[in-house]
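With the hints as a guide, bring the two chains together.
Chains as they are written, first to last, in this note's numbering: chain X, 1 to 554; chain E, 555 to 928.
Keep in mind that the hints were calculated from the coordinates and are not lab data. Please note that a few of the clues may not be correct.
To be verified - DEER-style ranges, computed between Cβ atoms:
#	chain 1	residue 1	chain 2	residue 2	range
1	E	Arg682	X	Asp79	26 to 36 Å
2	E	Arg687	X	Asp79	52 to 62 Å
3	E	Val634	X	Arg478	29 to 39 Å
4	E	Trp691	X	Asp163	49 to 59 Å
5	X	Lys41	E	Trp691	36 to 46 Å
6	E	Trp691	X	Asp382	44 to 54 Å
7	X	Thr44	E	Arg687	33 to 43 Å
Stated by the list, open to error - Stretch by stretch, here's where chain E covers chain X in the computed footprint (C-beta under 8 Å, at least three residues):
#	region
8	298 to 309
9	498 to 511
10	525 to 535
Here a beta-carbon is modelled for each residue, glycine too, at the ideal position from N, C-alpha and C.
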Amino acid sequence: MTGQPAGHFTFDGKSVPLRPGQSLAAALTEAGLRSFRQTAKGATRGIFCGMGVCQDCLVTVNGAPNRRACMTPAVAGQDIRTQVPFPDLATAPNPQPAAPARVIAPDLLIVGGGAGGLSAAIAARRAGASVTILDERKVGGGQYFKQSAVSGPLDAQQSAGADLLAQALAAGAELIGEVEIWGAFDGLLFLAEHKGAALIARPRAAIIATGAYERPEIRPGWTLPGVMTTGAAQTLWRSYRTLPGKRVALVGSGPLNLQVGLELAQGGAEVVMIAERGPAPWLRPIAAAALALSGPALAWTGLRSLADLRKRGVPVRHGAALDRIDAAEGALRVTLMGDLSPVIADAVLMNAGFDPQNEILRLLGAEAIYDPAFGHLRITRDDTCATTVPGLYAVGDCAGLGGAPAAMAEGRIAGRAAAAALGFGDGYDTFADQRQLGRARRFQRHLWALHDVAPRLPDVPDDTLICRCEEIDAGQIRAGLGEKPGHAGTLKRATRVGMGRCQGRYCGPVAARLVAAATGTPVQDRSYFAPRVPIKPVAISAILAAEEALKDAP
Amino acid sequence: MHPDVLVIGAGITGMMAALHLSDGGARVTMVDAGENAGTWANAGSLHVQMQSRFMRLYPDQVPAVEASLPLYKAAAEEWVRLDTLYGPFELVRKGGLMLAEGAEQLRFLEAKAQRETARGLSVELLDRPALDRIAPWLGPQIVGAELCHDEGKLNPLIANARLLAVLGQRGIATLRDRILAISQDKGGITVQGQSASYRADQVIVASAWGAGHMVQGLGVTIPTRAEPLHMNITEAAAVSISHLIQHAERSITLKQLGQGQIVIGGGWPALDRGRSMPPGVLAASFLGNVALAARLVPQIGGLRVIRTWAGMNTTADGGSTIGRLPQAQGVVMALPGDAGYTLGPLVGRMAAQVALGAQPDADMARFAPARFAA
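The shape of chain E in the complex, shown without the other chains (with noise of 0.2 Å):
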């Protein structure tokens, strides 16, 4: 077996840079650990407003995020368009409100929408009677909020499913193992895996959490880290929350999926058990995260959580890494750096475009990894 490119990560990154090299007429094979916590573990949520979660945990990495808004907009018309071609995914785009519980959180959201704006977002403050026409069931507590009409939501259960088959018809096929190491010599690309080793023309990396250290040996160091974040899903009830919900100030997201469901999480810190463990459920985050929706959403009070689940969020400096190794220049990299699910399929079909010789733009250079150069 030799493709033209091998995608090393087969989530939503790497499944989306397979199917438009695919497209572009490469032979391209994937290789996946099957280690299912990221893609695989995702509620759905299309973030594009900055998250004031990120905000206050990686206040160095606002900067960055920032510079990055034009690119969660386009990827949210991505997942649009996606859904277009090969959908439904159940994908919902009314936006998302972060809500604010006093002035000085409407004063702070104020100030993001400014730069937002400023960004090309569409965004708008709405005070509470304004608030209360399109979501009356907000607790009392709740003064404004900020609407970012480029958010929504969609059911990833259904869009995996669904791109994983378009994958098939293409006959793109998934390798199980773990990478360990790439290098590169003059005839192409050498991957060595847990069980075999892999040559190929170009690499495409989308391994997320995985990926630092995967590159490690070719001039670049990458802080990819893996963040277990816990989730919460209730049975069904009659749809009427149509927007992804936040807090100006506390982790939270809230959405309900098409078929009823309210889907509780926003960034609680899960437990790592390492790699031959799925992460544990911390009974803070469990207890936290839920009593925080019980407040902002009184009336889902009467509805219970049937399960509960963790997933791994991926950070880097904040910003997407896209493009080819200085020292590797059949090695390209395809990292979202933050809200993954959103940003991957974009992320995957801009690295895919890189390895099908396109040349990167200007508006690129941001995502080179030559900044984590040694």
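Chain X extracted, bound-state conformation (with noise of 0.2 Å):
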């Protein structure tokens, strides 16, 4: 949309152009290109979280297979091929690790760089810790402050993300990007690959803050390629100034998918339809009056999306919630429940609420209650953030949902408290940021309250899958719960639902609360699938990187 191209690179033997900065799945988007791998059943399938979790948007790079187009740069002179299910290992080069392994042993070692890590980092590095930052992303900054790859003016939100990112390195605080967690183990072992090199921390403490990813409306058709989540279409806007399709439609509810629906209008994209499960904020005068007063600012913030959104004539449907989306006149067609007039977009975005990505604090065995309310474990902290573990802190969504500023606050009281456990200053009053804290969780009580985020058991035909990876549809796991298994586990191995790449991050979730539900028990930690390593997929060569690693510096 902006700039030249710098180069070019084939996809399956076609010329695409590159901008600088820009992710493959970004180019690949821009291009008009939406189909990147085929699944064993014969189907395809696109970028769709956009965060390096979903493992769909896989391509072969170079003869290397099973590459996450949204976490690779674009690089001329590739050779980006579709990626195919069972690919030839002959064929593919094997990996040899680009730098020697690192070893660090920080103070405090923060996992992810987003709003809560970054304040912790720089509350803990003031008090003379040191502290290392591992981040997934090229640039930290994290899923809220969604930070820019590519040159150009930055908005309002990128810019105070900038300046968070710009203080925690004025402060002292080592920032690695592009580190991919896949190890976790007792006594604050990390295990990590970077750029192909082995990364292994061993931190005296570790703070989480991994934040959440997004919850799907898992209905007919949300596995086509063009369907993705909301945040994948900001990342794809607003970090590589791509647009995800002209004609866009989101679907679901909360407050991303307004302003991401206003961002995508300005940026030029035709945005045929907001649908929002939740009814309309002035048929809900006192939910509206209670948020507006717990949070003037942010509050009016969304009030001002409302009303932009209705001058550029975009239709913001609410009390409406998703049917089906078909493949239909070379694009999507979206339906609605109870309606006639389905709309036709190039991509189809969704946001249902979001899922805490606790996968570590989980492994490390750090204990979680189940909200009812958003459908997810919320991990048991004290009032300083500290875990069940000891030398283990949790902040932001990855605790449970709270939205950025709460995660601001958090992370600064958590960086203190970790520092001064340490022997880094002495903790000291820590009022106002928890004033500000109670505060952010307030308002964020009264914005869900606006929305509709409780989760569901999936009302959909047999033959909608429920499991992406492994291509299990509703009937087979109808058919597994027939079987009386007594937890989610049991259904895994029965139906193989939750045992493919992305580990389940998007069925396991439902699992839990089918079998709970089938049980009659209530969903709890134990619930879910067991926390395993590795955290996310990790290459055999990475691995035994690590190895050798550990062997010569035990």
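In structure tokens:
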């Protein structure tokens, strides 16, 4: 959209232009290419989560199979190919580590360079602790601040994020980007891959600030190329100045859909519809007033978005839920429940709430309690954000949804507390931060009261996929439930639900809720699939590199 | 409820015992604690040749294992029969390769192969050029291997689901309970569970590591021991590895499932966290096991491991335990003793035949529980 091509790569032999900083997924999307891989059952898939979680945007890069297009920078001259389901090992290059392994032992390791992690880093570093932040992205800032990876002006949210990032670096924190953490073990040992080389961290304490990922609308057609999470579209636009499509529809519930709908409309997309499950704020005046009182500035931003959308003629339909998405007319036909007039869009964006990225926390044994209102686990923490595991803290959405302002307050509190526990600073009075945190949490409560993100049991036809990776549909899951599994793990072994590359991040919570409903037991921590390494799929060559590094420097 | 036979443990051994009992006309019920860590966490290797891991860890048990070799071979054939009757389970029986990385390991395999041939196994030694014809993807340090033609692999998720469905069609029910004790009186057997007590004319004990404790009051001390083992699985690739891969000295099994995933295991320990928690993953096992696989088969380096898990193997004295308890004739033991998934169907069938009244022949004497009499 902006800037000149910096070169070309090929996709299945066809030349695709790229701009500096773009991900492969962004460059392919900009070229109108939506199908990146073939599944074992012959379907095609493309970008979905846009943040390295869903493993659906896999492509073959210069012969190396199963690379996530959303996390791989586009480079001129690359040979990119559609990912086949069964790559030939004999022709795949055996990856060699690009650099020797690195072992770090900071006082405090922070996992995640978003709003919470950066705030924690600043606080701990100012108290005197040595701090290293690990982040998955090339550019830090996290999902809320979504930093730009291409040149161009920043918006207000990006500027605030850039400020926070600069403060963390000025305070002396080290930020290592493009790090994929795949192992976490007792005694606080973290194993990660950094640009193909092994990274081993043995910190004295750790703050986990891994945020959340989006909960999709599991409806017929939700796996079609062109259907993606709202956050994926926001990353395409904010980080890479790439529109997800010309005509865009948004479905689900929550403030992110309204915000991204507006950003895309301002960016030149034709937003054909925003369907919000929750009722219109003017139908819920008391809840709306409570929201306005608890956070006037943020509430005002929200209302102004709605007004702006209306001024641009974007139809915002409250109390409307997605029924199904079908491939039609070379695009996607979006049908709402009880609606006779579907719309046609090139991209369908979905966000129906969030699920915490709590894998590292659960793996290390942190206790958690199910929050039925949000349908996810909340990590048990004291008022310094310390978990039940010694030396392990959790801040922000990974501990249970709370929003960016709360994550920043929690980060400051945990950063100071963790530093003080290690002998740096006195963990001084946190009254101001606690008060801000209280305010942010009140605002969140009132905000979500106006939306509808209550977890649902999938009321879909038998042939609707529940497990994207293993292509397990609702009918197979229903048959599996007929065998009366006492646990989601038993359903998994019986049906293969959750056995694929995303490790059950989308179908796992559904399986846990279905089994709980079938057995008449409340959902709890143990209802989910047991947490296990690897936290994300990890190349065998990376494990080999880590093993050699640990053998040399035990 | 008063079945003819109550089968304790609904893993592969108990399920197949129940199936044969039912086919033999007995009314059968199964009872299971639902721990799901043995059969339901198995990785699907069909072991026949002596495992170097076992020989190294339990040298005192080697004679018993060696004596059991014909049983292993028959057990693999039992699986082939089940696959024909109730499959397909993606069963492939192209044999198992035990790799040698030097002259000394090759000599060890030579000696082992002679002992196995004497017990009726079909084995041969391959040098590197011969290996290159069937497994050209092995690392350059591999100098040769022992190929055991009797070995193979299958997909246990498919096999378990199919066999469970067969039991369902026979109307064989599984009760959910943890069995604490067994006692015998004139009228039959009383089985005390955590939530109820059960009566039956006979009982088959197929409860793996839980068995020793269960029969303690019946005049035998069977040292069943749970061994939590670590396993890994990769994303799928085109199928090119048809053999079960093992090593002459190091702990590893590596195989490719019919759906393309590569399963890496072979006896690296997992962390036992008690009954209420699934076994945990030890960093040294995860790294060591996968790194070894990468050295033996370098071309899997670009594939990603997507999951790990742990399952329980059960050991006792190296041999199987099949037959009636001397002091409680209504209690029939069905314990494979090692490689429980490979041996389970055959051991279950043998125990069922005992319960149905077959007279044990001379061969069966080796498996008799009497050897554990106090």
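Evaluated hints:
no., hint, result
1, Arg682(E) <-> Asp79(X): 26 to 36 Å, "34 Å, holds"
2, Arg687(E) <-> Asp79(X): 52 to 62 Å, "32 Å, violated"
3, Val634(E) <-> Arg478(X): 29 to 39 Å, "33 Å, holds"
4, Trp691(E) <-> Asp163(X): 49 to 59 Å, "53 Å, holds"
5, Lys41(X) <-> Trp691(E): 36 to 46 Å, "27 Å, violated"
6, Trp691(E) <-> Asp382(X): 44 to 54 Å, "53 Å, holds"
7, Thr44(X) <-> Arg687(E): 33 to 43 Å, "38 Å, holds"
8, 298 to 309, "violated (count 0)"
9, 498 to 511, "holds (count 4)"
10, 525 to 535, "holds (count 4)"
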